[in-house]
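J.: Turn these sequences into a full structure, and let the hints steer you where they fit.
Line by line, the protein sequences give chains A and B. Every letter in the first sequence is one number past the one before it in the working numbering, and letter 174, counting from 1, is 312. Every letter in the second sequence is one number past the one before it in the working numbering, and letter 52, counting from 1, is 190.
Treat the hints with care, since some could be wrong.
For chains that are exact copies, the list does not tell them apart, and a pair is met inside one copy or across any two.
Claimed, not checked - Taking lysine-lysine and the DSBU-like style, the derived pairs with C-alpha atoms no more than 35 Å apart in a straight line are:
no., residue 1, residue 2
1, K276, K171
2, K315, K165
3, K411, K165
4, K399, K243
5, K171, K221
6, K243, K409
7, K363, K243
8, K252, K411
9, K339, K182
10, K243, K171
Calculated from the structure, these hints are not laboratory results. No experiment lies behind these values; they were computed from the predicted model shown.
The chain contents come next:
There are 2 protein chains.
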Amino acid sequence: MTTQEIFKQIVTKKSFLCVGLDSDINKLPQCLKNTTDSVFAFNKAIVDATAKYSIAYKPNLAFYESNGISGWQSLEKTVNYIKQNYPDIFLIADAKRGDIGNTSKMYAQAFFEKLPFDAVTVAPYMGEDSVSPFLTYKDKFVILLALTSNKGANDFQFFENNVHDKLFEQVLRTSQKWATSEQMMYVVGATRAEMLADVRKIVPNHFLLVPGVGAQGGSLSEVAKYGMNNQCGLIVNSSRAIIFADSTDKFAQRAEEEAIKVQIEMRELLKEKKII
Amino acid sequence: MTTQEIFKQIVTKKSFLCVGLDSDINKLPQCLKNTTDSVFAFNKAIVDATAKYSIAYKPNLAFYESNGISGWQSLEKTVNYIKQNYPDIFLIADAKRGDIGNTSKMYAQAFFEKLPFDAVTVAPYMGEDSVSPFLTYKDKFVILLALTSNKGANDFQFFENNVHDKLFEQVLRTSQKWATSEQMMYVVGATRAEMLADVRKIVPNHFLLVPGVGAQGGSLSEVAKYGMNNQCGLIVNSSRAIIFADSTDKFAQRAEEEAIKVQIEMRELLKEKKII
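T.: If you want it as structure tokens, here you go:
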């Protein structure tokens, strides 16, 4: 997938919403408990209910790996279902991987060959050769962690050198030498929306994947204010606030309603910026 | 497992060798190609041949995930086989995980509950709450990336503040507030053996997992010189140089020979330090 195709979806759907499939088996609605592969059944219902309002889905690998082999089966069925039925959707493996070159190459195979993901989130700590194996695939993206939405982001991401460059800024600057905005995006948390202005000074054109809106408390209008560029440049993720909006047999309908609420807000923000 | 139990194994086996199960399906000996679950068959043969000389095994998750569901099956069979047949062995998931708290909690479940690992490698970029969910398990370890063995380590790990503290030093210092040496170890690459002296100034007592000996070119005697403490404090990993020492039907025997070579060198280093 290219950024142009992502932008086309944004304009068509008037949305830049990514739905995070953090499909915790312990939180699934009671009505699915006796279903074979309840995680897949849940994801399928959520995707069918929200795909009109979403440009991307982001399965969070931890929630599948915690179920062992059956979790990996649910993941594979989910991403194949999405790719077959909604081929325009941008499919992100939220995996936070990154290892020495020969190992990152195997992770790239796992997500880009064995599974049909368009992008994978990667941690920057191990540097260029831990990232570059993911960049050898045409029209696939690395989404590199820059500034995350959690409290622990303060521990190292703001570590500062003698000219007041922070680690996350160094990550943004250095990694731009590795790939263009057609191969790389960045994770920047919505819980630090005002920081998006600093981020945009360094990476004006790259797409940013923004988690932290919804359950984590980030504000969508603030994110748009500081982070939106003239190609939108934002993919804003919401997980729990949409997929677990309701725990009865109305869960899919309630997820759809929550996705619509977000999409309506996004449509207004896109209009304000004259993108649509 | 406790560090005392690890130390007991070091003394008994006169070894601090960890064998890395980077079991690339494309590199398996021809004689295993038609075996059902050739990766598991390979791992079983390698483990049976080397367990007398090794204190730890370290499956590298990427090499299993790249095979999808069947890879996860091979992994599960491998770690269950090791735990059942060699209960004293320290079992490390080389996974380089790390995410926001509710997600790291699921990774911890994956490796410590669903699978019987004793330790998991974790990337520090996202800070304390990305690490702490792994620390809630008694006698299980986080092995935090500090200084890695690859070229890309130079990109960010040496990023320096105004008092010349480097990022990897900051990681070592800060993370010591999160856990004791009974819950935390650190990854420090053998390709930078002289840096182990600096690392030991900050973490004199913690066990260090040292990759990079063997195929990556690190020197075992240098690692011992700069990194060994009076409880050994080292778990030195070798992957390819042992498991892929030979590609014929003699592969297990040749792996054993390579493991013995390393063990003999380790025995001498332990004697020099008067640990045995």
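J.: Hints first: check each against the structure and report whether it holds.
T.: Evaluation of the provided hints:
1. K276 to K171: between (40 Å within a copy, 31 Å between copies)
2. K315 to K165: Answer is between: at 33 Å across copies they meet the 35 Å cutoff, but 42 Å inside does not.
3. K411 to K165: neither (38 Å within a copy, 53 Å between copies)
4. K399 to K243: Classified as between; 30 Å across copies, 40 Å inside a copy.
5. K171 to K221: both (26 Å within a copy, 32 Å between copies)
6. K243 to K409: Neither way: K243 and K409 sit 41 Å apart in one copy and 39 Å across, limit 35 Å.
7. K363 to K243: between (37 Å within a copy, 33 Å between copies)
8. K252 to K411: neither (39 Å within a copy, 48 Å between copies)
9. K339 to K182: Cα proximity of K339 and K182: none, with 39 Å in one copy and 53 Å across.
10. K243 to K171: Between copies only: 22 Å across, 37 Å inside.
The structure fails to meet hints 3, 6, 8 and 9 from the earlier list, while all remaining hints are met.
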